[in-house]
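Q: Now for the letters of each chain:
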Amino acid sequence: MAHVVEVRGLKKHFEGGDVKAVDGVDIETRPGEYLVLLGPSGCGKTTLLRIIAGLEEPTEGQILIGGNVVNGLPPRARGIAMVFQSYALYPHKSVLDNIAFPLKAAGLETDERRQKVEWAAGLLGIDRLLDRKPRNLSGGERQRVALARAIVRDPTVFLLDEPLSNLDAKLRTSARDELKQFQERLGTTTIYVTHDQVEAMGLGDRIAVIFDGKVRQVGPPRDVYSDPADTFVATFIGSPPMNLIDRGDHLLGFRPENFLPAAAVNGRDNVLQVDARVYRIEYLSGDRHVYATVPGLGDDDAHIIARIPATVDVAVAEDKDQRFAIHERDLRFFDGKTGERTDPRPVRL
Amino acid sequence: MAPEDSRPPEKLTAGRVDLTNAAEVERRRRERRRHLVRGRVALYIMALVGALAGAAPFIWSTITSFKADADLYTKANNPFIYNLPPTLEHWRLLFYDTAFLTFAWNTLWVGVLVVAITLLIGLPTAYALARLDMKWSGPLGIAIFFVYLIPPTLLFIPLTRVVGNFGLLNNTWSMVLIYPTITIPVSVWLLIGYLKGIPKDIEEQAMVDGYSRLGAFLHIVVPLTFPGIVAVIVFAFTLAAHEFIYALAFVSSTTEKTISIGVPTELIRGDVFYWQSLQAAVVIVALPIALVFNLLLQRFIAGFTMGAVKG
Amino acid sequence: MSVEAPAVGRGAPVSTSKRKVADRDDLLAKLFLLPTAVYIIGLVAFPFFLAIVFSFTNVTTGNPALDFVGLRQWRTILSSSVFWTSFWNTIIFTGISMVLIVLIAHVLATVLVKDFKGKWFVRFCVLLPWTTPVSLAAVSWLWLLNSIFSPIDWILRWFGFIEANMYYLGRPVLAMGSIIAVHVWRIVPVATVIIMAGMMAIPSDIQDAAEVDGASFWRKLFEINIPLTLPITAVAVLFGAILTFADMTVVFILTRGGPTQSTQVLSSWAFFKGIEGGDLAQGAAIALFLFPLLLAAAIAILRAVRRREVM
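Protein chains in written order, with the numbering used here: chain A, 1 to 349; chain B, 1 to 311; chain C, 1 to 311.
Keep in mind that the hints were calculated from the coordinates and are not lab data. Treat each hint with caution, since some may be false.
Here are the simulated SDA-like pairs of lysine to any residue, each with C-alpha atoms no more than 25 Å apart in a straight line [claimed, not checked]: (1) A:K320 <-> A:K337; (2) A:K133 <-> C:K119; (3) A:K337 <-> A:E282; (4) C:K220 <-> A:N136; (5) B:K135 <-> C:A45; (6) A:K104 <-> C:I202; (7) B:K200 <-> C:L221; (8) C:K119 <-> C:L221.
Derived coverage of chain B by chain C (criterion: at least 3 residues anywhere in the stretch with Cβ under 8 Å from a Cβ of chain C; other residues may be distant) [as the list claims (entries may be wrong)]: (9) 45-53; (10) 91-104; (11) 146-158; (12) 252-266; (13) 284-292.
These numbers come from a predicted model, not from an experiment. Heads up, the beta-carbon is just placed ideally off N, CA and C, and yes, glycines get one too.
Whenever a hint applies, use it, and build me the whole structure from the sequences.
A: Structure, rendered in structure tokens:
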């Protein structure tokens, strides 16, 4: 089946080529998938989304929707719908008129419009809010209105630009859950932009990690987490981030939860044992975050964090040396200069 | 795929392009390009027309100010070029044979004093209204608004009597006394907008650190309101320089006049209009003020919108 | 640091009566508001009432005594044809001017919020009419509309549109049109700036959303942009209306109310009657009509804004 959205060799330069917001991006989406564009502020993910939407034209490259090139076509001709970070509800129109606006622009009659608006509002549980104005809605309600306005056009693709960042932290988790269920029910391909890696990991079927205008890695959350393609992905994803130890020409990386007290690590074969000098322990939500230096592994100053889950009962004391261990299969290696993932090599202490 | 109830009643296709139809896509693409180009062209035309409409009289004033009499007073001559060589005679006349320099000097010192009074009185007032939430705030706010509805062209007759009682009739100082009634309301309104943009925390921090309310106002708030103060200086000075009716009513002697009334009344001797000198005067005054205004325009807009939204 | 030495919280809080003036918000507020209150009461409210008093007396420049004469002045005014001409002219000039100003300012504002080459220069030119003192701008136009030497006529003759001159200031209808034109020319800049501020306050997200939703240019204009800028357009209208209503300078310099009193407005007529004619009582009475008109306009506009409150 054809890709729903495809981007080939996309570049977007500003100020005569000095600013490369998007620097050669190739992505395709699979039908019905929830693709997350993840990256820090200014990495180009929103620009990329806007180019796909048709709000900006690329400097180079092609955008294809449903297998057809859409460069040069206005947003309304592309069959896309977009939800903005601020929801961009028309403040002077009622909820009903907000949702009906795209239908009105498409020339539908009043009755047809009412029908579709009620369908969309019903789907999102906001039917009793149709007569209200946006300023009388809560953040969560506004988000649903924005979604209703998007689905009412029956688009080929949903484009969402950080729609959860304006919600209270408490609301965000439940909103995330509802959003995912909603998308699965509709089955529409969705491209979702965020800087929050927790959100990305929770929502995405696949995640595209973007930095400096380039895609660093695309893959399911599990792959991106345990097999990062470079040091950026390794440290951006995961909280606490992957530990990276400078070993001269390469970097050694491992996730905090894989680095445990030796007593808690099963097996002798292919297990690396290290002395760690613990200097602080934090107790967070049941886990223990152990801050230590591992002079045997890297420089004296090599700081690492180990995350010991609550289920592991082994004692760890501050200001003491202790033996820690990690399976060799959990070690990752990165090139010292480029930061890219390299093949494993033997670790000598 | 998706369950049935998740599909909208009918497939919505209006406005959308059948992307597989290459001809249709190409047509839409071309249409969009045409739209963008047409929009751009319209923009430039409007900009040109707007600029011309605003500047044309001044361009023409400048040209005229250097025109020889014989050239100017010939009906058939093209007014936009020099049919006879240009001359500095009328500029010389303006500066040496008329009281223009006196007018300019008067306008200047009146403006400076009025601005000073406006700031000295207006800034504390704006602060009190913006911060010190007192029962006076409401009524005084309304009173200030009402001042707008009682214009100089209503008050000039009784004020002439009042000014006379102060002994300032036919004296430039009358303007220094009266102009603040015009400049203070606007300035207070502008300053309230700026002041509300300063977070209360900063003052509270200063008071915790040991300043009194007055001290916090003087040492913290006033410096932070600097952009607003600049805006008020320009605005108030402009209002004072533009004012016409009070000046016309209060003052009749040449030495006491400002540019605003001096130029129209004195550069006309009997039936003779010294047109070239008049236009020279217009240009000399207009351009500097316009330059300063433009440099500060961004700040104006900021204060304006804040004042409008919260006022 | 200044006099206020830090007294960081040791010991019991100081009792109110011991606190310095600099700390007592209520006293400070009164102090800050006092000068403005004095100015408004003394030089605005008092003269306003004095004007009302004048209108019931027969005070003139020759006879300064305030002898009560009842409604005589009012009857004289209300039966004078020139008064009624002035009254209706004031309303008509302002009405027509405002309509034109809003339309033109909207177009210019749309242009000036976009980015293009030479924008600063265009803005400078567009602002020129506003930054020049009214009287000087009117003097410029006086020549442009001159019955013999008008450059506008020259251009029209050059293109072959007209044969003889137009006598812009000599024929009643043309004179009215000229006055309206100068008002519009003068006020469009400030209206443009205000409306620009309103347009820039519309979040760009909403424009993008409308674009994605498929709105055409006209739909975006009428359903999104105009409704959302309506409150601030109203502010521009109010400002412009007050400026036009209350202005006498343009009429004074261009036509002196002629030809044969056909372009007289309330404020100019009040001036001619009161100051030049010496009849202070009648002048005051005529000018008083400005207040109810302005009040009505202000209420109408503010009510329209309240109803459309969206933010």
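Q: Could you run down the list of hints and mark each one as holding or not?
A: Going down the list of hints, with the structure as the test:
no.	hint	result
1	A:K320 <-> A:K337	violated, 34 Å
2	A:K133 <-> C:K119	violated, 37 Å
3	A:K337 <-> A:E282	violated, 33 Å
4	C:K220 <-> A:N136	holds, 24 Å
5	B:K135 <-> C:A45	holds, 20 Å
6	A:K104 <-> C:I202	holds, 22 Å
7	B:K200 <-> C:L221	violated, 39 Å
8	C:K119 <-> C:L221	holds, 22 Å
9	45-53	holds (count 7)
10	91-104	violated (count 0)
11	146-158	holds (count 12)
12	252-266	holds (count 5)
13	284-292	holds (count 5)
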